[in-house]
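Chain by chain, the residues:
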Amino acid sequence: MDYFLTEQQKTIKNLARRIAEERILPVRAELDEKEEFPWDIVKELASADMFRVFVPEQYDGLGGGCLELCLVMEELSRICSGVAVTYAASALGCMTLMEYGTEEQKRKFLPDIASGKRLGAFAITEPTAGSDASNIKTTAEKVEGGYLLNGTKQFITNGGEAEIYTVIALTDKSRGARGASAIIVEKDTPGFTFGKKEKKMGIRTSATRELVFRNCLVPEANLLGKPGLGFVQAMRLFDKSRPGIGAQAVGLCQGALEAATDYAQERVQFDQPLITLPVVQQILADMAIQTEAARALVYAAARYVDSGAKNVTESSAAAKVFASDAAMKVTVDAVQICGGAGYMRDYPVEKMMRDAKILQIYEGTNQILRNAIAINLRKRKARTA
Amino acid sequence: MNIVVCLKQVPGTTEVKIDPRTNTLIRQGIENIINPFDTYALEEGVRLKEKHGGKVTVITMGPPQAEGALREAISLGADEAVLLSDRAFAGADTWATANTLSKAILKLEKTDIIICGRQTIDGDTGQVGPEMAEMMGIPFVAYVSKIEEIADGKIRVSRMIEEGHEVIETTLPAVITVAKEINVPRLPSLRGITRSKSARVATWTINELGVDANAVGLAGSSTQVIKIFFPQRISQAEVLTGDAAAQVDKLIEKLRSANLL
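Note that the protein sequences, when read in sequence, are chains A and B. Quick note: the first sequence uses the numbering used here, first residue 1, plus one each step. Quick note: the second sequence uses the numbering used here, first residue 1001, plus one each step.
Treat the hints with caution; some may be incorrect.
Subject to a maximum C-alpha distance of 35 Å in a straight line, what follows is the list of computed DSBU-like cross-link-like pairs (lysine-lysine) [claimed, not checked]:
1. B/Lys-1051 - A/Lys-187
2. A/Lys-199 - A/Lys-13
3. B/Lys-1055 - A/Lys-13
4. A/Lys-10 - B/Lys-1051
5. A/Lys-329 - A/Lys-199
6. B/Lys-1055 - A/Lys-106
7. B/Lys-1146 - A/Lys-117
8. B/Lys-1049 - A/Lys-106
9. B/Lys-1049 - A/Lys-108
10. A/Lys-13 - B/Lys-1051
11. B/Lys-1197 - A/Lys-43
12. B/Lys-1051 - A/Lys-108
13. B/Lys-1154 - B/Lys-1180
14. B/Lys-1180 - B/Lys-1197
15. A/Lys-106 - A/Lys-226
16. A/Lys-34 - B/Lys-1146
17. B/Lys-1180 - A/Lys-34
18. A/Lys-106 - B/Lys-1197
19. A/Lys-137 - A/Lys-108
20. A/Lys-199 - A/Lys-137
21. B/Lys-1051 - B/Lys-1110
22. B/Lys-1154 - A/Lys-43
23. A/Lys-329 - A/Lys-200
Hints are computed from structural coordinates only; laboratory data are not their basis.
Looking at chain A on its own, in the form it has when it is part of the complex:
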């Protein structure tokens, strides 16, 4: 289908595809097996200007929006979802800064993110705050010379590898979520260390790690926006970043669909290629439908975000939920079509199926997001009643 992308968008998508096919494909199985952080690939992405895509032009970026980011995500994820999330996490780590940061803060951090010299990361999740994100315990006490951070963040993508962290912490404990603030913490700040590196089911090349703050003093100049708005800032951030996870799902769908189709074409049983069997055709057709529907919804949601629309919660949640459910189903079906071979690590669909599961969990579980959509439905009904 033609999504009427601009020349620049096509250029971005094509180059992301080239990087994925020429540089990531040859090493993806090894990266997955060894759970190694893909620094070489990150450098390739940086030298190709991929980290500039989502940064405004005045900070050495290319001024792209949500859709451009989605196009890169889709193409990277088609080959390796673990690399894709590593890339996206750097964007997530600086989006709050782009939206609420002062000119000085942006000048200080964004050019390094854009060039890929330093990676970003975003940290809200804690042992007590997953879906219940407002239940964070990490504190940032106002002291002379800045904020003193104490607490532990959990499951942080790019943890340990990134150098610029946007951390949500309580600057006013007594006010709970209304006392949360977004603060930039740089790696190597005294009192900031890294805990356990998680061993994951999928996206294994990406780093997922604990951030530990013990009397970590951060300059006051690192506070993003007004104190007390951290939770709202985080929720708005996810509203805008969720289409990116949807795009990650679309890429996985596409990769799995292609792998299954190739296999069905080559594999002969009962004297004929699998793809000539109606039962296989039905599954493949459904996979193709799911993939394209997910893509259409993700692109539409991304464009809605880029339009500057005020409330994008529902559409971005819908795109993330639909696409991630599609990715789970499509990758499971891809393994089914590839049969015994598909279950083996020598074939890519095994990894794709493992990689898909997280998409239904992170950046808001699909259940929490359905809740959010339902709440909006009720609110609208209440207004018109």
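For this one, chain A is given, so just place chain B on it according to the hints.
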């Protein structure tokens, strides 16, 4: 540092078909690419620029569409591009090509190093680089697999020879041709692609070069292609029959009569 990289646009395949009627390459439906060996030359040029400063000028001789190869080179890090294009340049052999390229390089501001691929995948001669050096009266090193140092107007390189590697030092300016072992060419960057679309590509004809029409193109070529043809395939297989022992006897007899045993 002023770095010049010579490159050629070639058909993106090694299975070229020849039109039996006209004896020329069938170019229809074949995408043109930068000669793969030249991509290593370009990458090395860009790396030298990143290390020592200066600029990379890419230069090619070819039909107007060869501008595409130059724009691609800009997306990969080249700064300036010159296309040598004139009907008078057509049909050039390696001598005429080297003559045209070296005249163009002499027209540029002072060049420190000229880098070429070791050979093209269509002509396969590997002659243009050394011929240019000879014409310009400067040193030449072939099959360079590593540039070890550039300092004080000298360059030290490691080059591949049959038994191993040879380290050579020479003065600059010089021409080197590079082997694919020298680097892994980068992919284009988004900013490079944007720049390549709007960059100015200078086109020089025979007038700009100020060379004699008899020293370029077909007229300036002392070698000329008379005919291109596929070798005829003659198959003379003979199948021996009978049981294994009989077949062996027949085979031995045949080999003896051919004086092979």
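Structure-inconsistent hints, enumerated in ascending order: none
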